[in-house]
Structure formats: C-alpha cells, structure tokens
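Q: Taken in order, these protein sequences are the chains called A and B.
Its first residue numbered 1, the first sequence is counted upward by one per residue in the numbering used here.
Its first residue numbered 1, the second sequence is counted upward by one per residue in the numbering used here.
Keep in mind the hints are simulated off the structure, nothing from the lab.
Taking CB as the label site, the calculated pair distances span:
(1) Asp-248(A) <-> Ser-661(B): 31 to 39 Å
(2) Gly-123(B) <-> Val-184(A): 55 to 63 Å
(3) Asp-776(B) <-> Asp-248(A): 51 to 59 Å
Residues from chain A shown here face chain B by an in silico Cβ test under 10 Å; the list is partial:
(4) Gly-277
(5) Asn-412
(6) Gln-525
(7) Thr-526
With a Cα cut of at most 27 Å, we get these calculated DSS-like pairs of lysine-lysine:
(8) Lys-953(B) <-> Lys-328(B)
(9) Lys-180(A) <-> Lys-793(B)
(10) Lys-366(B) <-> Lys-328(B)
(11) Lys-766(B) <-> Lys-180(A)
(12) Lys-535(A) <-> Lys-826(B)
(13) Lys-766(B) <-> Lys-793(B)
(14) Lys-242(B) <-> Lys-93(B)
(15) Lys-441(A) <-> Lys-496(A)
(16) Lys-598(B) <-> Lys-180(A)
(17) Lys-535(A) <-> Lys-793(B)
(18) Lys-58(B) <-> Lys-953(B)
(19) Lys-33(A) <-> Lys-598(B)
(20) Lys-488(B) <-> Lys-477(B)
(21) Lys-766(B) <-> Lys-826(B)
Just so it is clear, the structure is predicted and the values come from calculations on it, not from any experiment.
All C-beta atoms, glycine included, are put in the ideal place defined by N, C-alpha and C.
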Amino acid sequence: MKNQLIYNQGKQLIGLSLIALLISCNDDFLYEKPLSSLSADNTLVSVEGFQTYLTGLSWAAREEYSQDDNTFFITNFPGTDVGEDAGAEYFTYRNWISYLTPVTPEVERNWNWAYSTMLPQANTVIVFANKEELKDIWKNEAQKNAVIAEGRFYRAYTHNLLANLYGNVPIVDTIRNAPKFDFVQATRDEVYDFVKRDLEFASQWLPSAGETPEGRIVKAAADHLLTEVYISLGQYDNAIASASRVIDSGDYRLMTSRFGSNLDEPGDVFSDLFEDGNFNRSSGNMESIYVWQFESFTPGGGGTRDGNQAVRNFGPFFVRITAPDGAPNIPTNEMGRGVGRVRGTVYSLYEIWNDVGDIRNSEFNMRRQFYFNNPSSEYFGQPVPARTTAEDTLRSMYAYPRKIEGNPWNLNNTSGRTSDDVYVYRLAETYLLRAEAYFRKGDLQKAADDINTVRERSNASPIAADQVSIDYILDERARELLFEEPRRRTLIRMGKLVERVRTFGLLESSKNTIQDYHNLWPIPQTAIDANFGQKLNQNPHY
Amino acid sequence: MKTKLLVYGKYILPALLLFFGLHAYSSATSIPEDRVVTGKVTTDGDPSGLPGVNILIKGSKTGTITDIEGEYSISIPDDNAVLVFSMIGFETKEEAVGNRTVLDVILNENISGLDEVVVVGYGTQVKRNVTGSIASADLSQSGDDAAVTEALVGIAGVQFTDTGRPGQVGNLLIRGQNSLSGSNSPLIVLDGIIFSGNLNDINPRDVQSMEILKDASSTAIYGSRAANGVILITSMDGKTEKPLISLNSYTGLSEWASELKLLSPERYLQRRLDWRAQSGLEADPRSVDKYISALEAENYRNGKYTDPWREISQQGRTSSIDVNVSGKSNSTNYFLSASLSDDRGLIYNDNQQRYTLRANITNTIKPWLQIGTNTMFSHRDLSGISASVREAYRMSPLGTMYYEDGSPTQFPVPDEQAAGNPMRNSLLSDNSEVMENLFSNFFLKLDAPFLEGLSFRVNFSPSYQWNHNYSFMHQDKNVSFNNTSASKFNERQYSWVLENILNYNRRIGDDHNFDITLLFGRNHVEAESTTAQGEQFNVDVLGYNNLGLAEIQRTNSFAYAVEMVSYMARVNYQFKNRYLLTLTARRDGSSVFSVNNKYATFPSGSLAWIISDENFMSEIGFLDMLKLRASYGAVGNQAIEPYQSLTLSSTQRYVYGNDGSSSLGVVTSTLGNDDLTWETTYTTNLAMDFELLQRRIAGTLELYNSNTENLLVRRNIPVMNGYTSILTNVGEVNNRGVELSLTTDNIRKENFSWSTVFTFSHNKNKILHLFHTDLDDDGLEDDNIANSWFIGKPINSYFDYQYDGIYQEGDEDIPAGSEPGFVRVKDLTQDGVINADDRTVVGSGNIPEYQYGIRNNFNYGNLSLSFFINAMQGWIAPFNLINPLVPGRSLNQLDAGWWTPENQSNSRPSLVYSNPLRTSWYVSRDFARLRDVTIAYDFNHKALDKLKMNGLKVYVTGKNLATITNWLGTDPENAGAYTSEQGSDALYPMPKSILIGLNVSF
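Looking at chain A on its own, in the form it has when it is part of the complex:
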C-alpha cells in the first residue's frame, strides 16, 4: 500500500516535471537582440548606414588631434627642429634616452589609436561594402566604390602614419571574428606599397571638391597623400603626377588675395587662411583640401577633449608673467590661455625668417610683442620688457605663429582651446611635396618653381634652382607649415630627425642625448607583450 502510494506519487512528480519542460520547450527568448545598441550587421544594410560609418570615420580621424592634450597630435613637435617641450617640470625629449622608450605613453597611445580607432572602422566599411549579399543596395558601382574609396583612404592614412613613426608594422586589412596573437610585421616598404594601392583606388573613386560635404575626403586628399607615399617609395614620377592631378585639377589654387570672415580687419592673405570660418571652401578658400572640423556649442563639434588645443599647447604660459606690481597676466579672447608645452626653436622662430618681405613673418602671423593685459595692474597696456631667465623665455613668453590663435572654445577664454578648424592638407603643401619629388628626381628648376609658387604668395623673394636642397625644402615647410604639418613624421620620413635635432634642437640636453636609433619610435611594449605568438621585433637599441 505504502509502496503503491510512492509509485503513484512518483508518476505525478514526473508529470509535473514534464509540464515544466514543455513550458520551456521554445527557448527563442534566450537569443539576444540588442535593444539599444547598433552593430555593423544591422547598420550596414543601406547606403545611409554606410554613411553613418563614414561619419564615424571622420570622427575617428579627428581624434588624432583631439583625444588627448599631451599624447597625441602635439607629440609631432617637441624634440624636433621646430619645437621643444621646454618647461622645466616635464620630462620629455630633454633626455631622449630616458624619455623615449617602449612604455612612453604617446608611443603606445598613437599606436592604439591607429589600430583600434581607425583600422577596424575603415576595414568594417571596406569589408561590408564588398559583400556580395549587399550588392543590391547600391545604385551603381561608382556609388559603392566611392564608399570603399573613403574607407581605403583612411586605412592608407593610418598605415602611412604607422610606417612613418614606427618603421616595420603589421598591416591590418580585414576584420576578424576571433582574436589573433601572432601578427607579423611587414617591412616599411611593404606597408608603403599597401598604402599606395589603397590610395590609387581611392584617387580613382573619391568625389571631387564640392561634390561631398566639407570635411569629407575628396579625390585631391588621396592624391596629396599619394604624392608623399610615392616619394617614400622612390617613385618620383608617380609622385609628380599625383601632385599635378591636384594642382592642375582646376578645383584648387593658392589664395593670393584677402578673403573670408576677417576682411574688414587688418591682416593679410596668410592670416586670412587661419581665421575662424575660413578653413573650408565655402569661405572662398580654394587651397583647402582636407580639414578637421571644430564647432563650438554643437554636439560633435569637438572631440574627446573638446576643441582645437593649439593655443593651449603652442601658446606661452603667459599668465605666469607678472607686472612689476605683482599682477599676473590673464587669458584673453585673442590670446587664449597657453601653457607652453611646445616652444618654437631658435631655428623656427628666428633663423628661417631671413626675408623681410615674407608676410608669413608679419605682425599678423607672428606674435613677437607682448603687453601687460591685466586691467587691475597699473602697467596695463604697456609692453612687457624682454625676459632673460630661461624659465620665462622657454615657457612663459616667447614668439609664436598666430595661426594657433582663434575664437575661444565655447567662448571660454581660459579653456586653452579654440573653435578653429584644422588643416590636414592644403595646396601649399602639395606644391612642396611636388618640389620634393622634383628635387629627388633631379629636376631642380621645377623644384624651385614649385617652392617659388608658395613663396611668391607670401611675398618672399624667389630662389634659384641651385639653392634647392632637402634642407631648404624643410626650411620652406617650416615657414609655410609651422605647427601645422606633423613635423616629427615629416623628419622621420625623410630620415632627417636625428641630424636636424642635433643641429637645431632648442635645448643642449636634447641635442646631446638624442641617439642615432631615435630616428624611429619604438614599438610599444604593450603590443609586443600581447602578441605573444609572434615576437614583434623592437626597433634596434630600444
């Protein structure tokens, strides 16, 4: 009897369990559909979806400039022939040996930005746009290729930057579903060659100026970069051809007369190029090719660290200068608030300015005179007498190019930031790249002609063919593109960094500690440590 009861009960238990199982037979609810997150799979299904990813690429590219104060774009300047981080309290290239190591933050962060912010985004666009199952979303082949071309431009830009700074680096040309631990370095030339092929495609399919929103990549941007890459590969005729495609396109010309937002104010055409609002073509500026966009009071108008940080980094720590009555200077709308992280060298502030007519050295373009600006001081408005201590002249008061000045970010003049856009490429540099190609090819006259085109616009006297040299081209780049071109990359690319720091470095300690091996950055230790399946070769002597 008792056993029977247990038996019956057992049956009931099993029955109940079965009910439980039946309830849950359908377990579709366990398969996730993200409620508020996008993915490439659900976004890259329409042309509009691809546009959002390309906008994401525009954002990612601008992050090179704005994602951090001291470890990003600014690192192109200290420890070069044009600039030095000279403040006594920081440890930068004052001692190359202890500063530049595989654990230096900027070495790691630039690498990480390239590989994790730029390349996965660019490769996602390229891989998805090439997908066979998406072929019906495209109006035509050209529309598809234009999207791919923009992705390939950014991929090329990034690899070129990596090869310039680090030498032999892994090429990443696709996206993965699972991580890999044995990336292999390609040689620098293999990287340049990969970059070249991306850019040749991009040049073919990108839109021309005016056919795409301002700030987006145009054909000329690809051709401009291609010129540099051809030079790196020693293909000078190709370089001349690609630069000529920009120069002869009819879309671009150097600005030779005043234009834009500041017409009624004193100035000259060179200062007009750097007025807020004058960077894009809609202002009448015909030499702008590729511009990072900044806009105060606008979502997305600034990067991770808000606006354009040029004034903070390049401007002197002027508020540290006190009047004889003890009143410190104050940040103003005109000058902003610099902290003197990068001071120009004697070379870039004085030695290269040997032509009296050169408007690039005019009072509108170089600030060489300072005034007490604290209204509560009795010395208000009076010129600040020359300073003699190294602390003042290296950090708190020095001449600087006024192109770094601009409207204060969100109207806050203590922010150290402005809302000025930033040139990545403008036509003057295209001329100087073509001049370099002509020179390296041995056509000195054409090299001089291109340099003179740039010089003439600034009212500087022309040079003769026999005056052209790589050093002269670097001088001219310093005059035209000071604190604009990423100088470290230019010098490393040309193999001139060590030599020119030893010649033109601002600090004796910097000149004395730089070693031959510093011509390349080290591979970040974090990348070497993580890639344990394949030893990444550290650059020699690091």
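Chain A is fixed; fit chain B onto it per the hints.
A: Frame of chain A; chain B shown alone:
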C-alpha cells in the same frame, strides 16, 4: 528634506522618554487580576509528559514545576504574562499566555548546536543534516549597523572590504577570487529570491539570519550564478502570539581614522626649492616667493594657508530609528517594519538618507494552503555632489578656495589651473540622486492533502528599481563665460522571478529519510534608462527641472533585457540519522551567453557522517559531537552584462562645414565571441564539525580545493585586432584553502561568562592554465604578460621590475638616462642592460593569504562587553603616491619624503625622478585592527515589568578604533586607488566612530 531629518534626529530621545513615561503611567493604573493557566509539557515525538520542567512567570519569582504526568497549573497576574519553560537538556521556551487558559508546550531536546535550523537554498534544514559548507553570520553582534555587510566580517572564508562611505557597498569575496573579470560578488538571495538590488537597500534590523553558502554542494542549486558563493538573507517573522513592538535607535559620530599626510606649506616650499636645485634652476631660500605663483606668494606673505582635508570634511554622523511589529496567530504570521536612517560621511555632501518599509505576512487559509508575501521598499537618497578628494589631495596649501564674498574659486591657484577647487562642484551644483527598490515575493504553498510530506510552492517575485540622478551646475558669477549645464538620468529596472518548487519529504521506517526538491523557474530582467543633458542655460532659475531652457541639448537612452530559465533537482537522504547524502543538479539557460552556449548543467554531491552517534564512539567522554563532511560539485558564473557576446557599435557625432549642424556617426566598439560560455568552478570540500567538553569547545575545520575552468575573462589582446580586449573564456584557476572557526566557553559562571570566537582562513590562488597554447615554442604553456597572468602565480600578480633601492651619487653603474636619486631595479637577466626582459612577478594582492578574527564576549550580570579584532596578511598593492607629482606646478602631494643630494634616501626618489621604466611602488597591506568594541546593558525583567516592557537594552559601540599597519594610504583594506601619482577620489578616509543605541520592545 535634510532639515526635517536633522530635526527628527534631535527629537528622538525626548520623544522616546515621553512615550515611555506615558506608557508607565497608564500601566500603573491597571488593576491586576489573578487567573489560572494549566497545561502539559511534552517533547518532540513523544506524547508522554515531561516531569520536572521549571516554569517561571517571566520577570517574577513566581513559578512551579511539572508533575509526573508532565502537567502543571499556575496563577498568572494578567494576560500579558509570559511563561518560561526550562529544563536541563532542553531548549528554553517562552510563551505569551494571552487569553488562553490551557497552554501545552513541546520542548525540544538541546543536545548540541546541530539542532539549530539553518536556511539552505530553497528551504531550511536542521544543521545536523547539512552536508555542505554553510556558515551563519552572528547577527547579535552587528544588528545595530547601518549595513548588513558588517555582520559578514570575521566569518571564516569571507573577505569584506569597506569603502567607509555612506551608501556604498564594499567589496565582498567568498573564498578568494575565482573569476578574472567576471563578477566576483556572491549571489544574494533574500527570502528565497535572488535579490536584484543593492545590499544597502536592506534594513539590517529586518534580518533574522544570514547564511553563507561556500562549497559547491550547498551552492550548486543556484547553478550558473553561484560560483562566487551565495549569501542567503532571511527576514523576520512573527514569533509570539502577543504582538511584539520593537523599537531600535542609535546615533553616533565619526572621525577620520587616519589621513594622508600632505605637504605642509613649509614642506611645500622646501620641495619647490629642492626641486629647483635638482632641476638646475636658481634655488635661493630667500627668494622662494618668486618660485611660486603670484597668488601663492601673496598668501604666503599673508600667512594664509589652507588645510585641504579640513576644508572638504564634515562631521561624520549617523542616526537611525527602526520600529517593527510582529506576531502570529493560528492563521496569520506577520512582521511589519519601518526604518529611517541618516548617514553623513566624512567628506562634505557624502550622505545617505534612507527609509525602508517591510511587510512579511503569511496566511494559513486552510490547513493545507498558505499564501503570503514578503515585500520591502527602500528609498535611498544620496543627493549632493561630494567634495572632490582627488582635488583636495592635489591642491596647493597656498591656494585660495574662496573669494572674499565666500563664493568658491574655480582653481585655488588660477594662473596655474593645475588643481581644481575641491569644493566648487559641491557648492555650485544642485543634485538629486535617489534610488528606490520595491522588492516583493508573493507565494502560495500547498500541502498535498492526499500525500503527507508532499508540498508545492509557487513564488512570483516582481521587483522594481527606479534610480535617478539629476544635476545642475549654476552659473559661476566669477567666470566670464556661461558654465551652466544640467543632466537628468532616469533608470527603471523591472524584473520578475517565477518559481515552481515541489518538495517531498518521506520517512520510511526508522532508518530512511528522504527529502526531494524539484524546481522549475523563469527569470526576466528588463531595464531602460534615459540621460538628457543641457548646456548653456541663459536662465538658471529652474535648475534641472527644465532642460528645454538649454541652448545645447543632448539625449541618450539605453535598454536591455535578460532572460533565464532554470531546472533544479535535489535529493537529501539520511540513513540511520547519521549517514547523510545530498545530490543536486541544476540546469540553467541564459540569454547573456553566446549563440552556441545557452545552457549549462551543474551537478554536485555530498556526504556526511555523524561519527559521534556511532556506538563505538560513546566511550569517548569529552567528545560531544563529531561530524565529517565531504562534497564535490560544479557551479557556474554567468555574471556578465547582456549583449557582451555580440560585436557591437557605439555612436559619435561629427560636424561637417560651418553651419553647425551635426551628423550621426557609428563606430565599432566591441568584438563579439560566438563561443562565450559559463565559467565553471569544481570544488572539493572536506570538513569536520566538532563539539568537545560539554560544548565548551565547538568548531568547524574545512579544507577546500576549487578549480575554475573556462574563466570569463576580459582579456587584453593585441590591439592590432582592432580592439584592446575581448570577453572570452580561458584557462583554469585554482583556489585552495583552510578555514577554521572555533568557539570556546572559557568561563561559565552564574553571574560571569567569557566566550571567544576565533576564525582563521587561508586561501592560496594560482593560475593553472591560460590558453593551452605554446605559440612561442618554448615547450611551456604561454603566459600572458598583457594581462599580468602567469601560470603558477596568483591571478592578481604584479609584473614589474624588481626594486633595488635608489641610485646614489658616486654609483658607477647608473644607466644612461638615469641619475642619482632615480630608482634602481635589478638586472635579473644579468646582461648588463635593463630592459623589458628584466621584469618579473614582484608579488600579488587583492586577496590576503591569511585572515584572522577574534571576538571575546564577557557577561557580568546584565552587563556585557565584546570586542572584535581582525587581521589580514600576505598581500601587497601598488602605491605610487610616492612618486613626485610635478613639483614645479602648484600641486601638493603625499609627504613621504624625497631624495636630495644632502640626504640620499635609499627608499624615496628625487624630485626630478621621471620614472623612465614606468615602475610602480609596492607596499604591504598587512594589518590588524580593533574593529568593534561594544558595551551593553540589558535591563532585568523586574525593572521592565513595571514599565510593561519586554526588553530594554542600551549600548555603546566603538568601531575601527585602532589599526596596526605599515600601509601608507588611508586604509589597508581599501587599497585600490593608489596606482596613479595624481591621486584619486577613492583616497577616501575610513571612519572611526562611536555609537550609542537603545533597543526597546513591549
């Protein structure tokens, strides 16, 4: 709101006195009227009467004893009388008489502690039948705390690390760290339901018991969520027929237990001089005011110094009041409570005000049908932006925090802007931060009328949590730009648990006892949040209440859902009452896991043998009880966020052109993993429970060995993959350890007793496998430097250069780039070059190797004293505040000393030390601490009866009164914030506090 609470605090005591006074008055006027109560006392399982039982009217000397039949008769003064039944060998029982005239009582045998009932997953068990590893928290020592977590300190195998901050839950680890980057927090189960809130939501006064499930056998019934251990919290129910009203209140003050020693103004100036000398700059002590900023120089001349720690402090203060009513009748058992507490932390505006409400009601509708609910609501208000500890740490002692009109400066040294004013955000912002949690369970329990021992229970447990955080930054009248901004964050989480539990309990003959539990459950969680932000308010009178007034507006929203399904079966079998077996299995399906791994099954088994019940043991007189236990089982950890197995993107915005319109950008953000699965921990547990010498010594010794496989890991990968990390499963980690709990009754006298509770635990953690790869072909499994994971080393290992003192002047082996005053590290490869190959594992941290706790309780009459000391040792942590913090800027730092050419320290670097190798400093976290001292006085019943009170106790508690440690930070238990020389808001001071409290019941 704030003022109201303060007022309430102030008036508690007078109100209580008034109340008691009135009550005493009214009771004095009632007229006693004797009547007779009769009854029979029996024992459990034996209907024949128990003779010789002592019966006493509580609080009086009137009493009687039972006759040979176990029957008694006694005259009582009124319905409020409580009878106390006691007899040696049995548990003492109290019964309120009420209006009953017949009162039969069953006394339970009190053979040993094994007869206590403990809560286990999905039920309760008599302790003697427990085969797994379960520790009970002693709430009697800590029930007066603001947080339930305090009761967990000192339990063997539990590591609780406090933050010292109101409303912040510390870090809780049970038996070390299993997971590398999944959650290591134990699962909290409140009244049988997995709790989805914050531990601070629970009123500690509502807690009846807390059990910590440690081994796989006891936790496996929580399957995929149990790998980090389980804490079962059970709330109160009614215990007496007479309604019991209980009121508890305490108030206390707290101070900083220790503070980081910042540079004094003199030391700050000396540092500047020394730094200048070491930098090769002019350093004339007479010109020191020229070397600092103009404002600092002026303050220096005027003797205006700031002590930042004083500036950001407030008087720490806590007060709490709690009232509950409970009781039971044949049909209803109820416990209702309300509590209100107000905690002010040590830092300005770091406050929590909380109220909680609870209703536990069970109704017996039919003899076979019960329905009921456990419902709680908590409201926690953490409003107010706290002062910034980080900025206070960094700011110059010669800075200026306030203008003459009392308004805060933006930067204490404005021309430097190096450190912000630590008080500015607190003073210029309005903030409302409230968290609410409505957590309930509605249950129905059916006892099958056709089969004894079969019951069925349904739990439906809906829970709502609402959080909001609103902030508004007012216009700072001292700046020239519009700095106003506001944000509103609203979050709502809704979850429900549905459980069907079938239980069958059956005894067959005298020797076999079965207890079978089956469960089918579903769990759903959904959450959504919206953040709306505004900047540039032209009118700031409406604060955050009208974001539409902002010129720039942004919104973000977020939502997720998680689904789970579970099946569980458990069998308990007892043979001859001394051979015990438990088998469990749970199968869980969870949506957070990858498409290829939605389900996992977790089995476990355990055995126990009560040896002391064997005949052959009866000869051993000193041994009261000895029980051996062994268990083995698997549990899982699925504690990851939803959607983490998927490849996802996030959004950014960008502006094209000059017209200020912005475009949406989508950017890649995380790399998915189609094979992401549960991590599984396999634990072997061997234990011995023992009681000796008439229970004067009782304890438990446990040994465990657990291997966690498929660790859920946020693993750093080569960034060339496009991502810096991926959530994945790797390898195997081993935790093995010993735990000892020992309770001794040192002195047992009528008026004086002394008992001691001692706990010790030792845990050793090491990685057994990582990726099972040998990509570098050296014949050994690859380590993973990128994550600091090394085979054979603890999870939290520090991989760095080995410190070897400081380079001194005259040393001839100083490498290029270094100089005297720089850190010397060991050249482990002895190749004459210091490079990445010289790094090694220099130690490990986060979990101590050894933990000790000792509590002594003394009772003398009604007075009791207890003190508790705990200690942890065998761990280190990075401590980089020793590095110079840019001594050329107006930044303060820890005054730990520095190297100078005149005073060549071998333990501190020079002020121009640039740390070229990016090494960290490591400091021992070992400590011993007097954590708690309590003196209490329990008024005797005689005095209380006049007041018609059931109990009255007053006590004074001192917490965290003394610590012995070499740790340089504020607190060795809370050491996560010292990796940056820049300081951190987590450099929060720990409080030491004194509380006085009062418990009354009537």
